[in-house]
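A.B. asks: Listed below are the residues making up each chain.
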Amino acid sequence: GIQVEQSPPDLILQEGANSTLRCNFSDSVNNLQWFHQNPWGQLINLFYIPSGTKQNGRLSATTVATERYSLLYISSSQTTDSGVYFCAVELYNTDKLIFGTGTRLQVFP
Amino acid sequence: SAVISQKPSRDICQRGTSLTIQCQVDSQVTMMFWYRQQPGQSLTLIATANQGSEATYESGFVIDKFPISRPNLTFSTLTVSNMSPEDSSIYLCSVDPGGTGYTFGSGTRLTVV
Chain A
24 GIQVEQSPPD LILQEGANST LRCNFSDSVN NLQWFHQNPW GQLINLFYIP
74 SGTKQNGRLS ATTVATERYS LLYISSSQTT DSGVYFCAVE LYNTDKLIFG
124 TGTRLQVFP
Chain B
61 SAVISQKPSR DICQRGTSLT IQCQVDSQVT MMFWYRQQPG QSLTLIATAN
111 QGSEATYESG FVIDKFPISR PNLTFSTLTV SNMSPEDSSI YLCSVDPGGT
161 GYTFGSGTRL TVV
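Taken in order, these protein sequences are the chains called A and B. Just so we're on the same page, the working numbering is the position in the first sequence counted from 1, plus 23. Just so we're on the same page, the working numbering is the position in the second sequence counted from 1, plus 60.
Any given hint might turn out to be false.
[As the list claims (entries may be wrong)] Listed next, the in silico SDA-like pairs over lysine to any residue satisfying Cα-Cα at most 20 Å (straight line):
(1) K119(A) - A62(B)
(2) K77(A) - Q88(B)
(3) K119(A) - L105(B)
(4) K119(A) - C73(B)
(5) K119(A) - S148(B)
(6) K119(A) - V173(B)
(7) K125(B) - D147(B)
The set of hints was computed from the structure by calculation and includes no laboratory data.
Could you put the whole structure together from the sequences, leaning on the hints where they help?
C.D. replies: Listed below in structure tokens is the structure:
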């Protein structure tokens, strides 16, 4: 089956720093999403981005479907950005969302 | 996008008992999905629930352990049966209303003692 790998697995930042999270997937996908899971376990949809680039405030994401990767950029990080970031892909002709391995981000003041 | 109300938000249960988790969606959806997230791990799909038919389970998950009901297009339940400490996880339901990506409930944090 498809493999969805994220890097780095762990990231520690000081407040104000910028970061790039990467998601690689091993097969063509219909859709891709980025999620933030906060310390209480709630999963928040950040981007629905099967291709191209989107921006939302300090966050932006780029998916290059032909090269099978996606990037999530966090600028001027804040302590509230802490948590786990997941990418998830939807395969063609299925309704299954396959989650990546996750990146655990800790932002310190 | 759809809004999902999931309950309970957390529970502590005795081994050997069962817990039923409920998800209510504010719009009609064809399919609902149930996920498990074991401590420190990613999310794994348990099953897909369609209204009016039996749920479709992923490899490693069986109906006797995780029975699912889907009585209408806005509601579903997942039961975790005959629980053991290994069932301690976060359980989440999800829907795809179409065009905006999957939305998740707030999760149920289950601890089995």
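A.B. asks: Does V173(B) sit within 20 Å of K119(A), going by the straight-line distance between their CA atoms?
C.D. replies: violated, 32 Å
A.B. asks: Given the hinted pair K119(A) and L105(B), is their alpha-carbon gap at most 20 Å?
C.D. replies: OK: K119(A) and L105(B) at ~8 Å, within 20 Å.
A.B. asks: Verify the proposed pairing of K119(A) with S148(B), using a straight-line Cα cut of 20 Å.
C.D. replies: violated, 23 Å
A.B. asks: Do the alpha carbons of K125(B) and D147(B) lie within 20 Å of each other, as the hint requires?
C.D. replies: Between K125(B) and D147(B) the Cα gap is close to 10 Å, so the pair holds against 20 Å.
A.B. asks: Given the hinted pair K77(A) and Q88(B), is their Cα-Cα distance within 20 Å?
C.D. replies: violated, 28 Å
A.B. asks: Quick one, are K119(A) and A62(B) close enough, alpha carbons at most 20 Å?
C.D. replies: Satisfied, since the Cα-Cα distance of roughly 18 Å is no more than 20 Å.
A.B. asks: So if I understand the rule, the pair passes when the alpha-carbon distance is 20 Å or less; does K119(A) with C73(B) pass?
C.D. replies: violated, 30 Å
Hint compliance for this structure: hints 2, 4, 5, 6 are not met, and every other hint is.
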